[in-house]
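Fit chain L to the given chain A structure using the hints.
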Amino acid sequence: MESAIYPCASWRERISIFRQLLTSATREASVAMSRWVGEVIDLELEDVQAVPLEAVSAQLGLDESVSVLVVLTLRPPLAGEILLHFDQQSARALAAALTGVITQQQECWSELERSALLETGNILGCAYVNALSRMIDHELVPSAPTLVCDFAQSVLQQALALQLQYSDYVVVSRTRFTRGDQNLSWWVLFLPSPELQETMNRSLRPVISRCRSSV
Amino acid sequence: MVGSVKIGEPSLEQCHAAYAIGLEQRSHMFSDRVAEETISVGMGQAVVGRPPTKLTAVLGSCLGICLWHPRSRVGGMAHTVLPQSNGQPSQVPGKFVDTAIRFLQEKLQMLGVPSDELVAKLAGGACMFPTNGPLQIGEANIEKAIKCLQAASIPVVAQDVAGTKGRRIVFDLATGRLLVQVVGESPRML
Numbered sequence: 001m002e003s004a005i006y007p008c009a010s011w012r013e014r015i016s017i018f019r020q021l022l023t024s025a026t027r028e029a030s031v032a033m034s035r036w037v038g039e040v041i042d043l044e045l046e047d048v049q050a051v052p053l054e055a056v057s058a059q060l061g062l063d064e065s066v067s068v069l070v071v072l073t074l075r076p077p078l079a080g081e082i083l084l085h086f087d088q089q090s091a092r093a094l095a096a097a098l099t100g101v102i103t104q105q106q107e108c109w110s111e112l113e114r115s116a117l118l119e120t121g122n123i124l125g126c127a128y129v130n131a132l133s134r135m136i137d138h139e140l141v142p143s144a145p146t147l148v149c150d151f152a153q154s155v156l157q158q159a160l161a162l163q164l165q166y167s168d169y170v171v172v173s174r175t176r177f178t179r180g181d182q183n184l185s186w187w188v189l190f191l192p193s194p195e196l197q198e199t200m201n202r203s204l205r206p207v208i209s210r211c212r213s214s215v
Numbered sequence: 001m002v003g004s005v006k007i008g009e010p011s012l013e014q015c016h017a018a019y020a021i022g023l024e025q026r027s028h029m030f031s032d033r034v035a036e037e038t039i040s041v042g043m044g045q046a047v048v049g050r051p052p053t054k055l056t057a058v059l060g061s062c063l064g065i066c067l068w069h070p071r072s073r074v075g076g077m078a079h080t081v082l083p084q085s086n087g088q089p090s091q092v093p094g095k096f097v098d099t100a101i102r103f104l105q106e107k108l109q110m111l112g113v114p115s116d117e118l119v120a121k122l123a124g125g126a127c128m129f130p131t132n133g134p135l136q137i138g139e140a141n142i143e144k145a146i147k148c149l150q151a152a153s154i155p156v157v158a159q160d161v162a163g164t165k166g167r168r169i170v171f172d173l174a175t176g177r178l179l180v181q182v183v184g185e186s187p188r189m190l
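Chains as they are written, first to last, in this note's numbering: chain A, 1 to 215; chain L, 1 to 190.
Derived from the structure by calculation, the hints contain no laboratory data. Note that the structure is predicted; figures quoted are calculated from it, not measured. Ideal Cβ positions, reconstructed from N, Cα and C, are used throughout, including at glycine. Treat the hints with care, as some may be off.
Chain A is faced by these chain L residues, among others (derived, beta-carbon under 8 Å) [to be verified]: (1) GLY42; (2) MET43; (3) GLN45; (4) GLY60; (5) PHE129; (6) ILE137; (7) ARG168; (8) VAL170; (9) VAL183.
Chain L is nowhere near these chain A residues, computed Cβ spacing over 12 Å in every case [said to hold, decoys possible]: (10) ALA32; (11) LEU112; (12) ALA152.
Next comes chain A alone, as it looks inside the complex (with noise of 0.2 Å):
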């Protein structure tokens, strides 16, 4: 991804603020990642961005081919949207390492193919959501996953309804994942409510302050 384009340097600290929260989260979905696949997976935080909207596909990479994305939505007050992003080859790799089922068909995906790509998403999905919801000693509630087989800019504008209508910028982090050396086509993008932003914001904001002071 390109650098990051901050509206104002209140957002820096801001995102700063969001990085440190979700690197220790990543963690966490890491670990329950490997479980799940059997195998050590490493997920990574790539960057938190605070990103115009007319730039937001072009800055998260995303062209106009068919993504496999699985959909967890929080619900209110703390509102937000998880993307687990695949490309197309990279979910049927993922969903043949886990059913052991390699499936030649292009276009329709088996019930054994979702159910695996839809179990990912949630184990992904609730670790993540868990270690976040510890931090800012908030409940985060996620709905059921969704998967969608689209253009993958075509699930993002509905994910991101919810921060436009208070900004022209929105707010996302990026996740990749490795395996060994090897980049997996995979990515988490956390897209949360600016109700949610002002929680976590406000949770790690005074103990950034208590080290700024001892210091």
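Structure of chain L alone, referenced to chain A:
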């Protein structure tokens, strides 16, 4: 202003004037190039142009609003995200349905296109996944667009809206035709 300008191919001065005004607002463009080009209209952007330009967008819950003047073949597209601004300022002219339609009308008027001869085509406004609460963004975008276009006396001559699938659209300003591509379906021409 509408009565004093010539209808037809916009002059270079008119193009530059439209572009200069667009620069004041983020992400408005005017295509003034002679070679055929396809311009990707991102979220919240609004673009006007003339042939041989083609305007393209990928839509989910967003609504693509295409306005076209059949005589001069000048037109534009707004990639709208939310139904109404409620007075909220935005630097991106295509973000809200209500303000995007007005923006396109104004830009086209500057190019000598009278609003009462425009036609509209709509695409998008899908519900990509189940959401919280009663507000269905895609549906709300469609409703608002139809209402605003009605109020502006711009007829909607074709639409491919709602549903649960994303769309890739290509608006050809030379013909006014709108190509709609949906994953797993045959392309449709509106």
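Checklist entry - Is the hint on L/VAL170 kept, meaning its closest Cβ partner in chain A is under 8 Å away? => result 11 Å, violated
Item to check | chain L versus A/LEU112 - minimum CB to CB distance exceeding 12 Å, so not interface | outcome: 20 Å, holds
Next on the checklist: Does L/GLN45 hold up as a contact with chain A if the rule is Cβ-Cβ below 8 Å?
Outcome noted: 5 Å, holds
Checklist entry - Per the stated criterion, does the least C-beta distance between A/ALA32 and chain L lie above 12 Å, as a non-interface residue requires? => result Since the minimum Cβ distance to chain L is about 22 Å, A/ALA32 lies beyond 12 Å and the statement holds.
Item to check | Status of the L/VAL183 interface restraint (C-beta, 8 Å, chain A) | outcome: 5 Å, holds
Item to check | Restraint check, 8 Å cut-off on beta carbons, for L/ILE137 near chain A | outcome: This hint holds: L/ILE137 lies near chain A, its Cβ roughly 5 Å from the closest one there, short of 8 Å.
Item to check | Hint check: 8 Å Cβ-Cβ cutoff, L/PHE129 to chain A | outcome: This interface hint holds because 4 Å falls under the 8 Å limit.
Checklist entry - So is A/ALA152 really clear of chain L, every C-beta pair being over 12 Å apart? => result 9 Å, violated
Checklist entry - Taking the closest Cβ pair, is L/GLY42 under 8 Å from chain A? => result L/GLY42 check passes; min Cβ-Cβ to chain A is 4 Å, inside 8 Å.
Checklist entry - When the nearest CB of chain A is found for L/ARG168, is that gap smaller than 8 Å? => result 6 Å, holds
Checklist entry - Does L/MET43 pass the interface hint, meaning its C-beta sits closer than 8 Å to a C-beta of chain A? => result 5 Å, holds
Item to check | Satisfaction of the L/GLY60 interface hint, Cβ to chain A closer than 8 Å | outcome: Interface hint status for L/GLY60: holds (3 Å vs cutoff 8 Å).
Hints 8, 12, counting from the list given before, are not met by this structure.
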